[in-house]
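Enquirer: If you want the building blocks of each chain, they are given just below.
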Amino acid sequence: MKPAPFEYVAAESAGEAVEALGRFGDEAKVLAGGQSLIPMMALRLARPSALVDINRCRDLEGLAESGGTLTMGALARQRDLERWSVARSPLFREVLAAVAHAPIRNRGTVVGNIVHGDPASELPALLLCLDGSVTTRGRAGERTIPADKLYLAPLTTSLAAEELATTARFTLPPAGSGWGFAEVARRHGDFALVGCIAVLALDGAGSVSHARLGFFGVGGTPLRSAAGESVLVGREPTAARRLEAARAAASALSPDGDIHASAAYRKTVAAVLAERVLAAALDRCGKPA
Amino acid sequence: MGAKLFGASVRRTEDPRFLRGDGRYVDDIKLPGMLHAAFVRSPHAHARIVSVKTAGAGRLPGVIHAFSFADLERWMKPLPLFGAIPPGLAARVAVTMKQVPQLAMGRDRVLFVGEIVAMVLAESRALAEDGAELVEVAYAPLPVVTDMVAGAEAEAPVLHPEWGDNVAVFFQTGFGDADAAFSTAEVTVRQRFDIQRYVGMPIETRGVVAQWDARDGSLTTWNGTQVVHFVQQGLAAALGLPSHKIRVIAPDVGGGFGTKANGYPEDLLIPAAAIAARRPVKWTEDRREHMMAAAHARHQVHDIEIAARRDGTMLAVRDRIWLDLGAYNSWGIVLPYNTVAHLLGPHRVPNLRIECRGVVTNKTPNAPYRGAGRPETVFAMDRIVDCLARELSMDPADLRRRNYLSEADLPYEIDLPYRDGNRLVYDSGDFKAGLEAALAAVGYDALRAEQQELRAQGVYRGIGLSGYVEGTAIGPYEGATVRLDAAGRAVVATGACSQGQGHETSFAQIAADALGIPLDWVTVVGGDTAAIPFGVGTFASRSAVNAGSSIHVAAGRVRDKLVAAAGALLEAAPADIEIADGAVSVRGAPATSIPLGRLIQAAIPTFAKPGVASPDFEATVYHHQPTVTYTSAVHVAQVEVDTGTGAVKLLRYLVAHDCGRLINPLIVEGQIHGGVAQGVGGALLEELVYDEQGQLLTGTFMDYLVPTSMELPPIETVHLEYPSTRNPLGVKGVGEGGAISPPAAIANAVEDALAPFNVRVTRTPLGPSVVLGLLEGAKKQ
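Residue numbers (numbering that gives the first Met the number 0), protein chains in the order written: chain A, 0 to 288; chain B, 0 to 780.
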């Protein structure tokens, strides 16, 4: 379990990193936290000819909340986000607690997790539910990819090989909204067999004004369920309607099975969790986030 | 015995170095000029080797050698075989057994994914792995056997053509007349159970370093093994060297669990490579190699039935058993017979009929792992007992109360020979008292009441019981040399090697008590063939009994010599000599007290006088243990099942057990905690999954799921002490027990939690997908 030979470039700035990525083309990989890449290289499942290490790039550090948007650089560790969440967001706090284990979060970056694109990972689904985006830099310059345009297939995003993801942005849920998060994993910290996130806000009449229902672990990419959300928006979120939304959302899924859970299990439990997170979200509506 | 340290929860003296990261493991051995080995392993589960071409690897800069079987043929003697049938067993049970020796490297065939076909030596491990990628091996795939039941049939492809079929072990045994009991019984219950393939995962993988000294033809090898003397014997046979020219050292070893008590190709290949290359060679097993090629374990099918009266009195058990042995049968009778000998456990069952098949398949060879057949057989028995309880509408605790043996029944003979050929006689214990102690400690009646209340709220909790009686401390012997230096400090050398069991503390407690010296005057040396010429090793819950007894007796003999010398010097009768805290005195005359070192120096020869004693304050004892001593336990699990997701949460786990007299309760509890954790893994998480082509699908820790502290509740323990009658210390083995009952107890608890849905649990691990499947299957009925 030693990696195949590779070249190593320690970039001092985002510009240097982008230049190096351009030079190596699709043979290179960016090294940030290394919590997924390095084990894959040790197993020789990933064999990049070069690693561009961005850990020295001071211009990629930082995590800041401003005007309802949370922005973080490519070097913000998952633990940084977790620390921010302690005072600011129980939703983020609960999601982060399910992301692997503390030593991994100390090293792993938020942006790295997001652009790795594991369909069973929590943060990509959260990015979708919070209308987030990723900003990239390449030789052609900078562009911002909204979360719903980011994920194409398992471990495959719309980033070009020579693009560096520099920033991730989350739009924080509207004031007075409620949230729910649930996942089934074989053990604490494992990738989810099925996971679900909901955000709901109500208007003055008690109807749903804002609904997000996201899933992970039940498809090739993280998903937002238009089918489930549309059942709720503009209506009163009664138990029957939440159940209808959960079922509509689950029936639109076509997960794969693996040794840990069958496809049928994932579909069944997606509905169960969706119903639970919608109930939790409604329960939290109007309470301080 | 002074009994000052014996029985005390002494903190483990080895822990400071482990906790600081200062342990010294095989991978910490670094020798000048050392080469690193990597192996080419078969990607096929069954194939003919057409050709092995190593030239490409040899040309890579940094690669020093690339060896195929032909290059090392002179040393490629068969690996050692274990588990011969002892005469006492052969006299009672007609066993058909086939064993074929495994070669350290595939010569013309490979029989499992991971079998070694070539070895590359290079200046670094990374370069060796680069070189291994350049070895070209051509294979012709052969038909694959993965299912033990189908594989036992006549039409299955055959792994070892000279056998004619894949049944490596077959026997029928029993006592009484089970068929007659079944034909007239008021109630019978039958069920098939599948126990999955899983195995211990030591934090430290295996590793071997070897250094050949051409000047005197001696070999030193460091090997993370539980059995240094077995490794030495295997090397002596394969290399044609006298044993005293081979020194095998197991330094600190980070977990063994039986996996490291197996004989392995690398034990031989690394020393052979060091001789061939004339340079030291290191190989550290990586986790992928460990998963695919270190011994696997468990994996049985039981088609079991039980006959009883309506009042719950058990009358007979019949069981057809299949064991998946993997590709070879190097452990012979051990796993099949352990399974059979432990089936009935604490229950009084007058009639038994068994049919047992050990079957080879194209998978990694199996070896004993913490429990070695007992977790599987206890699963089958305790599950069928719960099925019977359901059939009788009896509380599972009451059914066990009715059938468990108590102290008045002991010694109790089960009319089978034990695996060592001796009669199977439970020596001491009270299994019914253990059951009552467990139920009382867990608050069983309160848990039952809580269960009813919560069910009304849609919360499904269950309570599961499992009990076992375990033959521990298999002999025939382990030795110890106890030796004092001039200051009265003691070295205890034994063939028992520690992989984390705390030998340095518990053995020192025994020696210090017997010698009358402080604990920190004792240094325990295990895992070094140079320290003692004969040894068996640490496995089968055997070291406290076998080595502990030897240490106790040997230290007593050294003390006798000290007493004789002191009597002569202090002009007192030996009976009046007292040794305590490292000082000698005449009883009742504290003023006579002198430090042990002064006694020794005054006693030994000088230029002036011959002395009253020779300087060898030393004794060697090989305690003979003809047969095992029986521990027992009752485990109670409480779970909560989420009926929406199938997720099982383990809420409580309690163990009431008897391991005879406790040497160190802290260490005993640690053993139980670790064993239970591994048992919980077997119950809920761990499975080595193969596909139909014999490919391992769980090759990393992402897919092979060992429990972490997050998955475990605090483990509660109740100690019962029924001293063994079979050794001078009254101790019994405790290393394995914790791992035996959790799969059965947790499976019983899950089924109990889901009793309103009428599910039947027939397999482990009980992942959420499996549990939800049970619920959905029950709904459809």
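In short, the hints are calculated from the structure, not lab data. Don't be surprised by glycine CBs; every beta carbon is placed ideally from N, CA and C. Among the clues, some could well be false.
Said to hold, decoys possible - Which bits of chain A does chain B cover? Going by a derived footprint, with three or more residues having C-beta under 8 angstroms, they are:
| id | region |
| --- | --- |
| 1 | 166-177 |
| 2 | 262-272 |
As the list claims (entries may be wrong) - Heads up, simulated BS3-like pairs for lysine-lysine below, C-alpha to C-alpha not over 27 angstroms straight-line:
| id | chain 1 | residue 1 | chain 2 | residue 2 |
| --- | --- | --- | --- | --- |
| 3 | B | Lys97 | B | Lys76 |
| 4 | A | Lys266 | A | Lys148 |
| 5 | B | Lys52 | B | Lys29 |
| 6 | A | Lys1 | B | Lys52 |
| 7 | B | Lys3 | B | Lys560 |
| 8 | A | Lys1 | B | Lys29 |
| 9 | B | Lys560 | B | Lys648 |
| 10 | B | Lys648 | A | Lys266 |
| 11 | B | Lys779 | B | Lys648 |
| 12 | B | Lys3 | B | Lys244 |
| 13 | B | Lys244 | B | Lys29 |
| 14 | B | Lys778 | A | Lys266 |
| 15 | A | Lys266 | B | Lys76 |
| 16 | B | Lys76 | B | Lys3 |
Enquirer: Against this structure, judge whether each hint is valid.
Expert: Each hint, compared with the structure:
For the region 166-177 of chain A, the proposed coverage by chain B is not satisfied: 0 residues have a C-beta within less than 8 angstroms of a C-beta in that chain, short of the threshold of three. Given a C-beta distance limit of less than 8 angstroms, the hint that chain B covers the region 262-272 of chain A holds, as 5 residues qualify and 3 suffice. Distance restraint check for Lys97 of chain B and Lys76 of chain B: the Cα-Cα separation of roughly 19 angstroms lies within the 27 angstroms cut-off, and the hinted pair is therefore satisfied. Proposed proximity of Lys266 of chain A and Lys148 of chain A is supported: the alpha carbons are some 24 angstroms apart, at most 27 angstroms.
Under the criterion of a C-alpha separation no larger than 27 angstroms, the hint pairing Lys52 of chain B with Lys29 of chain B is inconsistent with the structure, at around 30 angstroms. The suggested pairing of Lys1 of chain A with Lys52 of chain B holds, with an alpha-carbon distance near 23 angstroms, which does not exceed 27 angstroms. Annotation: proposed proximity of Lys3 of chain B to Lys560 of chain B holds, straight-line Cα distance about 21 angstroms (limit 27 angstroms). A hinted pair counts as satisfied when its Cα atoms are at most 27 angstroms apart, and Lys1 of chain A with Lys29 of chain B qualifies at roughly 19 angstroms.
With a CA separation close to 58 angstroms, the supplied pair Lys560 of chain B and Lys648 of chain B exceeds the 27 angstroms bound. About 22 angstroms separates the Cα atoms of Lys648 of chain B and Lys266 of chain A, which keeps this hinted pair within 27 angstroms; it holds. About 25 angstroms separates the Cα atoms of Lys779 of chain B and Lys648 of chain B, which keeps this hinted pair within 27 angstroms; it holds. A C-alpha spacing of about 41 angstroms is found between Lys3 of chain B and Lys244 of chain B, which places the hinted pair above 27 angstroms, so the restraint is violated.
Distance restraint check for Lys244 of chain B and Lys29 of chain B: the Cα-Cα separation of roughly 21 angstroms lies within the 27 angstroms cut-off, and the hinted pair is therefore satisfied. For the given pair, Lys778 of chain B sits about 18 angstroms from Lys266 of chain A by alpha-carbon distance, which is consistent with the 27 angstroms threshold. For the hint pairing Lys266 of chain A with Lys76 of chain B, the CA-to-CA distance comes to about 54 angstroms; that exceeds 27 angstroms, so the pair is violated. A distance of roughly 50 angstroms separates the Cα atoms of Lys76 of chain B and Lys3 of chain B; the hinted pair therefore is violated under the 27 angstroms criterion.
Violated hints, listed in ascending order, are 1, 5, 9, 12, 15 and 16; each of the other numbered hints is respected by the structure.
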